[in-house]
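Listed below, chain by chain, are the residues.
Protein chains: 4
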Amino acid sequence: MTTIAIVYHSGYGHTAVVAEAVAEGVTRAGATPKLLKIENAGQDFAAFIEEVTKADAVIFGAPTYMGDISAPLKAFFEASAGTWMKQGWKDKIAAGFTNGLTFAGDKNHALTSIFILAMQHGMIWVGSGQALGNVNGNTSAAPEAVNRMGYSIGVVTQSDNAGPDVTPPSGDRESARQLGERVAKVAAKFAA
Amino acid sequence: MTTIAIVYHSGYGHTAVVAEAVAEGVTRAGATPKLLKIENAGQDFAAFIEEVTKADAVIFGAPTYMGDISAPLKAFFEASAGTWMKQGWKDKIAAGFTNGLTFAGDKNHALTSIFILAMQHGMIWVGSGQALGNVNGNTSAAPEAVNRMGYSIGVVTQSDNAGPDVTPPSGDRESARQLGERVAKVAAKFAA
Amino acid sequence: MTTIAIVYHSGYGHTAVVAEAVAEGVTRAGATPKLLKIENAGQDFAAFIEEVTKADAVIFGAPTYMGDISAPLKAFFEASAGTWMKQGWKDKIAAGFTNGLTFAGDKNHALTSIFILAMQHGMIWVGSGQALGNVNGNTSAAPEAVNRMGYSIGVVTQSDNAGPDVTPPSGDRESARQLGERVAKVAAKFAA
Amino acid sequence: MTTIAIVYHSGYGHTAVVAEAVAEGVTRAGATPKLLKIENAGQDFAAFIEEVTKADAVIFGAPTYMGDISAPLKAFFEASAGTWMKQGWKDKIAAGFTNGLTFAGDKNHALTSIFILAMQHGMIWVGSGQALGNVNGNTSAAPEAVNRMGYSIGVVTQSDNAGPDVTPPSGDRESARQLGERVAKVAAKFAA
Numbered sequence: 007m008t009t010i011a012i013v014y015h016s017g018y019g020h021t022a023v024v025a026e027a028v029a030e031g032v033t034r035a036g037a038t039p040k041l042l043k044i045e046n047a048g049q050d051f052a053a054f055i056e057e058v059t060k061a062d063a064v065i066f067g068a069p070t071y072m073g074d075i076s077a078p079l080k081a082f083f084e085a086s087a088g089t090w091m092k093q094g095w096k097d098k099i100a101a102g103f104t105n106g107l108t109f110a111g112d113k114n115h116a117l118t119s120i121f122i123l124a125m126q127h128g129m130i131w132v133g134s135g136q137a138l139g140n141v142n143g144n145t146s147a148a149p150e151a152v153n154r155m156g157y158s159i160g161v162v163t164q165s166d167n168a169g170p171d172v173t174p175p176s177g178d179r180e181s182a183r184q185l186g187e188r189v190a191k192v193a194a195k196f197a198a
Numbered sequence: 007m008t009t010i011a012i013v014y015h016s017g018y019g020h021t022a023v024v025a026e027a028v029a030e031g032v033t034r035a036g037a038t039p040k041l042l043k044i045e046n047a048g049q050d051f052a053a054f055i056e057e058v059t060k061a062d063a064v065i066f067g068a069p070t071y072m073g074d075i076s077a078p079l080k081a082f083f084e085a086s087a088g089t090w091m092k093q094g095w096k097d098k099i100a101a102g103f104t105n106g107l108t109f110a111g112d113k114n115h116a117l118t119s120i121f122i123l124a125m126q127h128g129m130i131w132v133g134s135g136q137a138l139g140n141v142n143g144n145t146s147a148a149p150e151a152v153n154r155m156g157y158s159i160g161v162v163t164q165s166d167n168a169g170p171d172v173t174p175p176s177g178d179r180e181s182a183r184q185l186g187e188r189v190a191k192v193a194a195k196f197a198a
Numbered sequence: 007m008t009t010i011a012i013v014y015h016s017g018y019g020h021t022a023v024v025a026e027a028v029a030e031g032v033t034r035a036g037a038t039p040k041l042l043k044i045e046n047a048g049q050d051f052a053a054f055i056e057e058v059t060k061a062d063a064v065i066f067g068a069p070t071y072m073g074d075i076s077a078p079l080k081a082f083f084e085a086s087a088g089t090w091m092k093q094g095w096k097d098k099i100a101a102g103f104t105n106g107l108t109f110a111g112d113k114n115h116a117l118t119s120i121f122i123l124a125m126q127h128g129m130i131w132v133g134s135g136q137a138l139g140n141v142n143g144n145t146s147a148a149p150e151a152v153n154r155m156g157y158s159i160g161v162v163t164q165s166d167n168a169g170p171d172v173t174p175p176s177g178d179r180e181s182a183r184q185l186g187e188r189v190a191k192v193a194a195k196f197a198a
Numbered sequence: 007m008t009t010i011a012i013v014y015h016s017g018y019g020h021t022a023v024v025a026e027a028v029a030e031g032v033t034r035a036g037a038t039p040k041l042l043k044i045e046n047a048g049q050d051f052a053a054f055i056e057e058v059t060k061a062d063a064v065i066f067g068a069p070t071y072m073g074d075i076s077a078p079l080k081a082f083f084e085a086s087a088g089t090w091m092k093q094g095w096k097d098k099i100a101a102g103f104t105n106g107l108t109f110a111g112d113k114n115h116a117l118t119s120i121f122i123l124a125m126q127h128g129m130i131w132v133g134s135g136q137a138l139g140n141v142n143g144n145t146s147a148a149p150e151a152v153n154r155m156g157y158s159i160g161v162v163t164q165s166d167n168a169g170p171d172v173t174p175p176s177g178d179r180e181s182a183r184q185l186g187e188r189v190a191k192v193a194a195k196f197a198a
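Chains as they are written, first to last, in this note's numbering: chain A, 7 to 198; chain B, 7 to 198; chain C, 7 to 198; chain D, 7 to 198.
Everything labelled a hint here was simulated from the structure, so no lab data went into it. The structure presented is a predicted model; accordingly, all values stated were derived computationally and were not measured. There could be a bad hint or two in this list.
Identical copies look the same in the list; a pair holds intra-copy or inter-copy alike.
To be verified - Capping the alpha-carbon separation at 16 Å, the derived lysine to aspartate or glutamate pairs in EDC-like fashion look like this: (1) 92 with 56; (2) 195 with 62; (3) 96 with 57; (4) 98 with 26.
Extracted from the complex, chain A is given alone in its bound form:
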């Protein structure tokens, strides 16, 4: 059975909703998601490190705050230094997602930060793999389109100033599901 760890931080609940959508995608592909929610930068990460080590793949997620991943996810990354020294996550499949208030807002930089961590560990990176949503009339932004903003490195969702029950919109949630599905399929193929 393929297991996919989803390690994420969520400040106001929006990124948590996206993480759950990623997990649904993993399940849809016949694999088992393992949701690991980071609470703060100071917590003990030993159990999460262990779960990632056991998983076939890992998907990291965080809100973009001030143009980069939130500090709690960065703190988790630093806690993986011991595993890095042993190259304990080498060749594991990795991917990432982030949520923020705007379409751009340097969220590509936040995704790159996740990618860099994966590369330091010698992991193998899987991007969104999604064609551009809505290319013939992007100014309209169609909230129901998959990958409506046109990201490639990972999945980006955008939430308005409203609760996680109504935002990010349906297209973004489906983008997240498809990321989970894609990572699960690649991991299964690679583990075979």
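Could you slot chains B, C and D onto chain A? The hints should help.
This is chains B, C and D only, laid out in the frame that chain A set:
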């Protein structure tokens, strides 16, 4: 008199429209824009290099093709290597813009490529300096909002599959004008 | 039989030497390298595009000029737009390398440019996967150490102002061989 | 009197030594450095935010851990969100530095993270402005050369597995001094 060189490439006319808006902003600030249009990667860039050397600031622009600035602008960057060896553009004010089909589409990477060139030359970088457009309901994308996508490194405009007479939308063009204005003001202050 | 396309540009022969080392690594892993040398930004890339399409994996390489990949490789990337629209390279294994005059010199940005292209195509990215060379005394730079500079996204080699017969040094060439080997192994596993 | 805030985190004392060298450079240029040392991600940053607000320029520094700036500096960045909403640091001069164990090690990404924060705030970025150190024989790495690794976005220093009394080497410390000097001069010119 403050002079601002605007060096750009445009494949289908959209980036040219944006470059002209940048020039309008420069004029609005009481400075003189110098539009320098790159035709192709193989052309002779000597005269453009000279113009940039004489200017108080330079704003580079190109469409984002396959996630990065177009090859003709990169070719121009390489043609500046002789000037770089002499540090001939050191301390000049620099900025950048790009246009593409989607909101994201790795356009932040394209802007970073322009920024990197500026840093190699020891120039001083001025970003968009624009507050986020439309933050309380970004899913609607308001085409008349300034910085509707929320970029910070430089200005990004987004054009639909239509002619440059109708797209990018008005908000994007005003973002470009404000970039020209901001660069002209910073350059004037710095030259004083 | 696993086939690995190696698409590269080389200005003065150093990057060509590295490309050949990558090819040796591919052979060492029991796969077949296909060296595809780009001559200039204006050439016809149709045959190269076809070769990449047929290969199980592709490794892109270029010198870093003014902080980014050389314009001829960027031109090749743009020539792949038709394939991108059909998502013809989706799920192919990809990796990258670059050569330059200094240890840093924004070569990480050049590798990121290659990575971004791979992500646009929906490919799967394999980094260097190499532990840091020489960590207990890096100031000495040991030219025979593998990954002596500590790159993770891809392989970076550094050449002095001397001919490609003597530089980049042996450690860098072995880093390149190991990248070829690693990509070939991952591609074989993934194709199984 | 020009005042330059130097906000930094240091894990084992090496980055602190670099921060002090930056401060020496500020003093050398006739300006006043204000060293603000971050202890951990959970501390109260209100006083530091206030100091940066009062300063003419700010230089951020942190060790590179796992390929990016350390979590405590990221936490400080997040604490500046209130100031960002008011655009309280707009047009301030900004720069950055980082220290790590290797020549590359994704330290360019760490500098980019600092740059992005500066751009979100609408600040103006000053890079190292240093010509490449040691270009005719970089494999030898000359520890006494200024900018021996060839960085442009900011200053990078490299320390061996030894105490901050002996590492990073003299060339790196002088690079840091020159960054402080450069930022102070640009800030003075800009404030005039």
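*Hint by hint, which ones does the structure fall short of?*
Failing hint: just 4.
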